[in-house]
Amino acid sequence: MRMPAPEPALIARKAEIVRALRRIVPGEGVVSDPDELVPFESDGLSAYRQTPLAVVLPETTQQVAEVLKWCQAEGVKVVPRGAGTSLSGGALPLADGVVLGMAKFNRILEVDHANRCAVVQPGVTNLGVTTAVEADGFYYAPDPSSQIACTIGGNVAENSGGVHCLKYGLTTNNLLGCEIVLMNGEVVRLGGKAFDAAGYDLLGLVTGSEGLLGVVTEVTVRILPKPETARALLLGFPSVEAAGSTVGDIIAAGVIPAGLEMMDNPAIRAAEAFVGAGYPVDAAALLIVELDGPEAECAELTGHVRALATARGADFVRVSHSEAERLAFWAGRKAAFPAVGRIAPDYYCMDGTIPRGKLPKVLSAISQMGEAFGLGVANVFHAGDGNLHPLILYDADKPGDLEKAEAFGAEILKLCVAVGGVLTGEHGVGVEKRDLMGTMFDPTDLACQQRVKCAFDPSLLLNPGKVFPTLHRCAELGRMHVHKGKLAFPDLPRF
Amino acid sequence: MLAAAIPARLPTSLEEVQALVAETGAHGRRIEVVGGGTKRGIGPVTADVTLSLAGLDKVIDYAPEELVLTAQAGARLADLERLVAAQGQMLAFEPPRWTKLLGVSGEPTLGGALAANLSGPRRIRAGAARDHFLGFQGVSGRGEVFKAGGKVVKNVTGYDLMKLMAGSWGTLAVLTEVTIKVLPAPRTEATLMLFGLADAQACEAMAQAMNGPFEVSGAAHLPPFAAGAEMAVTALRLEGFEASVAARVEGLAAALKGFGRLETLDAPHSREFWGGVREVDAFARDQRPLWRLSLPPALGWRVAEALPGDVLYDWAGGLVWLLTEAEGPRVRTAARDLGGHAMKLRGPGPAFDSLPGPLAALTSRVKAAFDPLDLLNPGRMAG
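In order, the protein sequences belong to chains B and G. The working numbering puts the first residue of the first sequence at 1, with every later residue one more than the last. The working numbering puts the first residue of the second sequence at 1, with every later residue one more than the last.
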């Protein structure tokens, strides 16, 4: 993975850049000592590391605006960062760039029950929003597995999902508004507390833009009343096909569960050995189905789901009878990543989405690829929406193993695209899948996206090196398209 | 109120759309993009040629078990709703037609519903058209064929250009093929009705219903004029499996006891009632200018206090339909002061709100990224 070549001239200006940042953010708000920069050198994709030139930790929107404006004027690159939990390298620093950390924006500004929303600063954690509203019977629905640490600002940048997004949507479906600062220092408010806003849906465009369009400084999220009841089922199957067919049957029966997760045998074993959740270690596949809503609904649907699973040959069926038991069912799934971390020195988590019907075919192909690469793999799967998380097991200390894991991962993602799916369901493109964008999008598709980037950040200084495999200057993209050797509009002025 | 007759083109393939945009643009002429043409009166377009998507009306792929439907943009909503209903599914954003409301004929299309980001009463629970828009192929104002998104329900690969296209009213690109998420249709529904509440009180009742664990999928208040009755009607819809709906009807009725007499509509009557709310039937035959105001739900009723005329509330108070002779700027200011915005659907003057400075500049840069020569629906979203 290659990042844009650092500019020696910028690195040479470090002292001057740090002085300028300190003028804008006085006190402890600028980190420049090499030892103190170490915690910032990677995010959740720890295979990639880079020490930044400096880190600035502003506390007000005005400081963010001044930092960005100064950096734009001086040609200094900026990498925004929330909690640094991205699994795709979205917050990977640049040697000649400044990391703009939003951790100090950590206040809940308003909880508005009448309008069912909360206005929060971007450094508030995902779980922090729920904590702030749960005493009144509300919660914030998107629940990425890193929710105790990841921030709402990062969630907006990555359009984060979670195990409940089949029923409740991703971040983008749970936002009402935000304030962003553009690279030129302009502050723009998008949306508010109403369901829609005037003009283009720039809120929807910015959500999931991976920190390339603007820096989020305030977020208005929708909050929902907590469901009356939630109940989980653990269903063990003798084959992956049977589990996959059951998922299809559940959806066909008109049931959209709050959560619908699948684990394959290596993932079941790893999780069981780690937390002892009571999983059937001999099952080829395990489904965790969560149903929520009124008690009457949960009771009815639990019966439906149990019958569908049994008809497909489920030989292990447990239904949670208490909140403690429901959480215990989830404990294994939620600990799947660290559990896999115990059976191999390192793991590399992929994130493709496939049409659910292709699951048996894709899982068997992944297993064959694993044999060919000589690497183990455990699969956890947001089965309801087809979002696959193969965990590739490798050893970073073994020369060549990381490269093998990366190549294996790339093959998996190419397969996802080939069967009609996509490169990333919820983790983002970042640096990790940047060079695979061409398998899903042709150069014109990518040019259309990059022109959006140019509309927000024409100097390409905000989070460069992420998402797009090739950096085109905006002037070059602005030119009109040449089709079969002919300009589409030969008689019109160019710009 | 249709635009004056200008030449109409009816391409039947992506290639024809691309050629048409490229040729028309090359001659410096401008294009009005229409689906069924039923929303043409919203936002004036000054164009030299009309490009209709009505000839691109095929279903490309429908996989009920994947919850995904791909169709050409000119596919008719009525056809698609029949198709998915046969599999027990629905377009959960409940797209309105507004044909009676706008006094027009024609068949609304999926592409049109997405381009206008239309959504019905279920908006409060299931989201808008934009929330179900998974991917598309289209032709930009640069005459380029491009695509975005995918054909699966969960995807964050690349910018979410679907959100940008939804609600862009055909000013950025001509959508030719779109993929949407479909969902299981509810097995049954019921509606609880309260009577004679004042607007503020009704908004309070709707908020109470929304804030409890009842999964309300429609919350509307019709003051006497809109209800066509002596008494106002406040309605709350519950949808889902039979046992669940029955339990929630009971729970919600108990929670709303303090608001007076309650009646329950059974499924057929409930469907009919919400069809009328979705289409704003109550305001269809009125000659006064018609506005659609989007506001923070708890503040919806205050706009009716601030302005003369008649109102109908949907989205738990967050969507206010207003018939008024009040001057445009006065209506827009009232909406803006409450943290919302206003759109004029019938009557003279611009349809859309103007945008504040930096946002307006950013918006024109985004427009230029896709349509630098302002070929597509020129002037449509001007405030």
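The set of hints was computed from the structure by calculation and includes no laboratory data. The beta carbon of each residue, even a glycine, is placed where N, CA and C say it ideally should be. Any given hint could turn out to be false.
Said to hold, decoys possible - Here are the computed distance ranges between Cβ atoms for each label pair: (1) B:Met1 x G:Ser354: 58 to 64 Å; (2) B:Ala396 x G:Lys58: 46 to 52 Å; (3) G:Glu325 x B:Glu28: 32 to 38 Å; (4) G:Ala326 x B:Met1: 55 to 61 Å.
Stated by the list, open to error - Simulated crosslink set (DSS-like; lysine-lysine; CA at most 25 Å straight-line): (5) G:Lys367 x B:Lys358; (6) B:Lys226 x B:Lys167; (7) B:Lys414 x G:Lys367; (8) B:Lys414 x B:Lys404; (9) B:Lys69 x G:Lys367; (10) B:Lys414 x G:Lys151.
(Q) Let me make sure I understand: some of the numbered hints might not hold for this structure. Which ones are they, in numerical order? (A) Of the numbered hints given earlier, those the structure breaks are 1, 3, 5 and 7, listed in rising order.
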